[in-house]
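Protein chains in written order, with my numbering: chain A, 1 to 451; chain B, 1 to 275.
Check before you lean on any hint, since a few could be wrong.
[Claimed, not checked] Simulated DEER-style distance windows between Cβ atoms: (1) B:I253 to A:R440: 58 to 64 Å; (2) A:A18 to B:R47: 54 to 60 Å; (3) A:H260 to B:S187: 26 to 32 Å; (4) B:R203 to A:S235: 55 to 61 Å; (5) A:G15 to B:G224: 57 to 63 Å.
Please keep in mind that the hints were generated in silico from the structure rather than gathered at the bench.
Glycine residues also receive a C-beta, built at the ideal position from the N, C-alpha and C atoms.
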Amino acid sequence: MAVAKLTRLTYRYPGAEAAALRDVCLELEEGLTVVTGPSGGGKSTLLRVFNGLVPHFYGGVISGSASVGGLDIIATHTRQLARTVGFVFQDPELQTVYNAVDREVAFGLENLALPPPEMAGRVEEALDAAGALHLLGRTVRTLSGGERQRVALASALAMRPQLVVLDEPTSQLDPQGADAVLAALMNMVMRGTHAVVSEHRLQPILHQAQGLLVLERGAVMAIDPTKWSPQSAPSPLVRRSAMGADAWSLQNVTAGFEGHVVIDRVDLSGRAGEVVALTGPNGGGKTTLLRLIAGALAPLSGTVDRRPGRIAYLPQNPAALLHRPTVRSEVTFTLHRAGDGERPEAILEELGLLPVADRYPRDLSCGERQRAALAAVLPGAPGLVLLDEPTRGMDEAARATLVKLVARLRDQGAAVVLATHDADLRSAIADRIVNVAGGRAFEPAREAALA
Amino acid sequence: MNARAVAAWSATCIFIVLSTTNPAYKAAVLVAALAALATGVGLRRMRGVLTGVALIAAFAVLLNFVSAHLGTDVLFALPDQIPALGGPYTLEALAFGATGGLTVGAAILAAAPFSLLLASHEVMDALPATLSRSGAAIAASLNLVPAVAASFVQVTEAQRLRGWRPRGPRSWSEIVVPVVLTSVEGSIQLAESMEARGFGSGRRTSVKPGGMERGDWLLAAASGAALAMFLVSQAAGWAGPWYAYPTLTLPPIDARPLVACLFLFAPVLIWRSRS
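The following block holds chain A by itself, in its conformation from the complex (with noise of 0.2 Å):
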């Protein structure tokens, strides 16, 4: 029996001129659904769909028919469908009401009235089952970004809904946080709640899945998840330069903020035409690296040198960067502060943004923001470019393209330090590993380290 069905469903929204989704016709069939797909094809408006979001929260224009579990999507208000369907964004900090973990479970159940007797039962039963029960009695804030994940999974399930979107739960989790989510998920499955997850990361749990749907231009193809092979990992690209002198080094640097010691007498360097990737845990220091290396943050102790010339710095939330009216004009913006002539276009191709160069950027899928950002920093010359998490949210298609685009500007003599989660893009493009935790970074052997 079917969870939900979409009946010739197309959906615009406000103000925009093509349609976000167009004539959707699917099943939602019990088990595990994923949704996947390249960046702005229209998987996280049709998650929307789900629990009417799209179109009770956003309006626009909306035609064909919805339902979930019997009740007509367009018709009932999502505060009502929360009975029946719980959702999971994207980012784990923008969804939490209160600092407490068992009051934030509990928000759903005090919307529904719920007598307070009953709730503590009720939080405990989801916290269990999304693996989380021993976060019982934390505050929000200082859990990590899988932990938060999870508890936004139990806050779902505490409503015992019919079914649970998850949209790309895990594009800003570490490898184990990930895991952790995912692990979550397919055991709130194999209890019987239906799920339906957009999710760049198929392997683990696609053999599982019942249902797999492919997004592309708002259009939806329902396809057997057995038959699925996802896009191979970007290659390595050939190098076309010898690397250079240093141009970037840190000798016994420490730093940190509020007393609270981040980095712990780190040396490293990198050269010209090199490409460093860091990798370890969220919260081991990868970002007050990069900071160091840019100059925006000073050391409490050691020395910091590099090269003279541009900086080109993505930092790991790309909405930090926009604020021009378009995609272009980001672009230009960097080029003029740089006094580079270089086109803008010329980026924008490479990135695969033109289709999108005249639009706002902050309008963008968040495959395509990240995309955007990193046109606003790496047009022209970089001698120096440091990329945090660069990939969140890409598509595969895209990820090739950022290598091609980094493999680029190495050949051109730039420094390069990426701070990455991506496993497939440390493989296709770094020289050297670093892996940063608890403040130390080390290196093993490139082999060792892929591995």
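Could you slot chain B onto chain A? The hints should help.
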């Protein structure tokens, strides 16, 4: 710890500090608030608040010292021709300013447990049931505050590395616009998340309806006793007023209002450290 009991204690402290002109009783409240915070929060976490209070109090003292050229005990004088600053600088103005600083400092420290000791949801739990929905919305908004602060740091760093330098008010748009937009996007995502969990669908209940435990009742009773005793002391004239001008004198001190203030030390016995 119940926010209503904390509110009763804070309100009593603030009432006493604002209703008396006598620095002895203000100082007693200040010490009580300091002791309570040190017990509940720990000295390390108090450092920021203490620095802020010291700065504000110092400003209050200085403001009165340089602007009120009254009193008989002249410490030094500046020529009258200097606008605003010219005139005699007196011991009385300094003492009166210090009393003002004491008032501000004690009031801030008395209110500090709300931010240092209680989580936002604990404060919201103290609201009446009819305000539960607004309380949840406020608690959610308060959770966004650290994200906005972090966003400001991140945007400033990213734009600096992109060549931004502060050159007049207009240049700040490159910082302010992304920070504001990121905050708005964060708020929208939070609203989405709340809506997806049924927020606004009708009557709400609360998992912890804010029940008072024994310690909370004790604190409320001690606060009530302090308030009642101080009111009686004022009505009976035991808590005599004090004025620094025209000639500085020592404030009158009576044991009965001081005993009232002693009840405000109750948190030292009731609160356990949350540091």
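Results for each hint:
The beta-carbon spacing between I253 (chain B) and R440 (chain A), approximately 59 Å, falls within the hinted interval of 58 to 64 Å. Checking the proposed 54 to 60 Å range against A18 (chain A) and R47 (chain B) shows it holds: the Cβ atoms sit about 55 Å from each other. Between H260 (chain A) and S187 (chain B) the beta carbons are some 29 Å apart, a value that agrees with the proposed interval 26 to 32 Å. Range check, R203 (chain B) to S235 (chain A): about 59 Å between beta-carbon atoms, so the 55 to 61 Å window is met.
Between G15 (chain A) and G224 (chain B) the CB atoms are about 58 Å apart, so this pair conforms to the stated range of 57 to 63 Å.
Hint compliance for this structure: every hint is met.
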